[in-house]
Amino acid sequence: MKTKLMTTLIAATFTVGAQAQTGPIRVGVVTPLSGTYAGIGQQVKWGLDLAAKEINGGGGVMGRQIELIYEDEEANPAVAVQKAEKLFQVGKVDFLTGTVNSGSTLAVGQVAERNNRLIATTVSFADSITADKCSANVFRVNARAGMQSAALADWMASTKPNANVFYLGPDYEMGRSTVAAFKSAAESKGAKTVGEVFAPLDNKDYSPFFGQMRSARPTVIYTSVAGNDTVRLFTQMAEFGLNRNVQVVGASGTVTSQNLKAIGSAADGFVTGVGYSTSIDSAENKKFVASFEAANKAQPDLYGADSYGVLFFYKAAVEKAKSTDTDKVRTAMRGLQWATPQGIKTMRAGDHQAMQDMYAVKVNGGKFEIVGKVAAATAIGPDACTKF
Amino acid sequence: MHDQAKPSAQAPSASRYFTWLFFLGALVFALGAGLVGDVFFLRLATEALIFGGLALSVDLLLGRVGLLPLGQALFFGLGAYVSALVLKEWHNSFWLSVTVSLVASALAGLVGGIVAIRAKGVYFALISFGLAQVVSKVVFNTRDLGASDGIIGVPGAAIFPGLTSADPIGFFLVTLATIFGLYCGLTYLMETPFGRQLSAIRTNEHRIPFLGFDPWRYKLLAFVVAACIAGLSGALYPMLRGFVSPELMFFQVSGNAVINVIVGGTGTLIGSLYGSTLLTGLKSVVGSFTAHHQIVIGLLFVVVVIVFPRGLIGYLSPLLQRRLSFRHATGRGGQ
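Residue numbers (numbering that gives the first Met the number 0), protein chains in the order written: chain V, 0 to 387; chain U, 0 to 334.
Derived from the structure by calculation, the hints contain no laboratory data.
For glycine and all other residues, C-beta sits at the position ideal for the given N, C-alpha and C.
Just to be clear, a hint being listed does not mean it is correct.
Stated by the list, open to error - Where chain U lies over chain V, by a calculated footprint (3+ residues, C-beta under 8 angstroms):
| hint | stretch |
| --- | --- |
| 1 | 95-108 |
| 2 | 125-132 |
| 3 | 167-181 |
| 4 | 220-226 |
Between the sequences and the hints, there should be enough to build the whole structure, so can you do that?
Below, the structure is given as structure tokens:
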């Protein structure tokens, strides 16, 4: 009896799948809707929902509406692959996006390979996704970590030429690799390293490191701590007067809209490299920010903006390919140019990494101001993908 | 926690009914899914069985020895990582990776057991939790193990000539056979003097020395056996999903295994497989309708603990047993 029901159920899902060829285009979204990364997942959802509304309002993609199907991945790759497989197999989605942590993106990329579908990440930073662990089925529309470092290093070289840089990172793998990446970008532009320390994650007191920092006499301090660690580090540095006459720079996740209020004025003057800012001065961005705020009562951040852009990327590719067939869409995506709030982006064919202008932004009175811009071609760096 | 009503000499045992129902039901499911050419449900069921194996190891400790392991994912994750490394870097043989994972889990179980078994009650729970935290953080920060990204690109394991773990129905059956083997081995072990020692330890550990036995040795052996079962189940994970990540060692996995056992029925062994199947299926279905599936699972857990404190099988088994004994008795009376 139970199995009979099961068989009917499975058969039913297959019929639904067969109808999908002429109905709406289904886009699966596997993103963290609960847990630590729920805040990022929220921006992803807001961005996608807005883009789907605008595309559907304008007649859809080749006359077909876009239908978004959400699944919660809990920022856990083991959950993400199961949900992705469900969307591919049972939901019959044509395209999938939304993964946040790079572990999930890599693992879901494999599921896409096995199911012969395409995915795109709008959030994951890890360079490996479009470098040594690249996949023919995975695209990235957001800026990778290397591009953020390049933008920041470029700004540093022009405003503080041949700076003496001191590095302070959180003592775990991601923190160390972020520091290493920026260090090589900065040194290639003439900066000198005067010191390097790694503080434990969730450190309460940074003053033990301050003596070493002071005696190294840096002109620039780079840090890749994040979240509440930034709050403590910055307020303690201000208390000890360590940020006087020193330029503090850092990773894009160091100061975000989430911890900016808690840091307060101690964040002023901090500079980082990012792929998006609400203050980008273009008509497209102003329109995007206005409609995003109207729909969600919140400002978009880089995740919201890139997730908004990914649906237009898929739309452009499907219209170019005149099909939702995986191979045809993949060919169309390679080298594709499409419009986003950040301006025109180009999908590099060699490694499936989007090329875009990068910005150096400075915190001033609780706002991010653009202080520098690096052209897409300079920021992207070499193509390190050898798999396709 | 478990006192199965012992069936009268000739009456068939209720727990055996549930065992056959589970494994035959799984075979029928495989047949049905194979007929309609399904992939997703087969692979989801395989995953449920794999996590069922982990729950089985938790039930051995929790239901049979009375130790609450909050870090059993350590051995599951260890088995998964070792299996992934063997498959990817050495040889894509199912048998080789399973063997190496078993040896590694047994050794880790021995070391972990010597540390953890000395403690009792809540202290044991905390030490096992702590061990898993330490190891998962080390893996999380070790670049050679892929750090936070884990290891992807694990090839399918060659089981027999012509059958790899990439075949949904074939691998489901292999996993089912493995879990069946583990379950049968464990039920047999529980019938041996060793199993009775464990029951005695659970009931009153302080009396064991008076009987001339050293409880520590039996608890350590049970811990190692549990580590092997968890490690073997974990070894199957990368064969199914093609990757491993440090999240497999996190508390979420250990906690879910304990929930699976309690929902299914602590001490019943087969209950942990029912619990895992039920909750894996439920999570997949409920997750599609609401992002608040954690609340649904949490509420279910609370309801089960209040209404069926012995879990589903712990509740149903005595009911069925009474029916069977009654029918058996009346049947015999009619002769």
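How does the coverage statement for the stretch 95-108 of chain V fare against chain U, requiring three or more residues with Cβ below 8 angstroms from a Cβ of that chain? holds (count 6)
Tell me if chain U covers the stretch 167-181 of chain V under the three-residue, 8 angstroms CB rule, please? With 4 residues in contact (Cβ-Cβ under 8 angstroms with chain U), the coverage given for the stretch 167-181 of chain V holds.
Please check whether the stretch 125-132 of chain V has three or more residues whose CB lies within less than 8 angstroms of a CB on chain U. n = 3 at 8 angstroms, threshold three: holds.
Count the residues of the stretch 220-226 of chain V with a beta-carbon closer than 8 angstroms to any beta-carbon of chain U: does the count reach three? violated (count 0)
The earlier numbered hint that this structure contradicts is number 4, and it is the only one.
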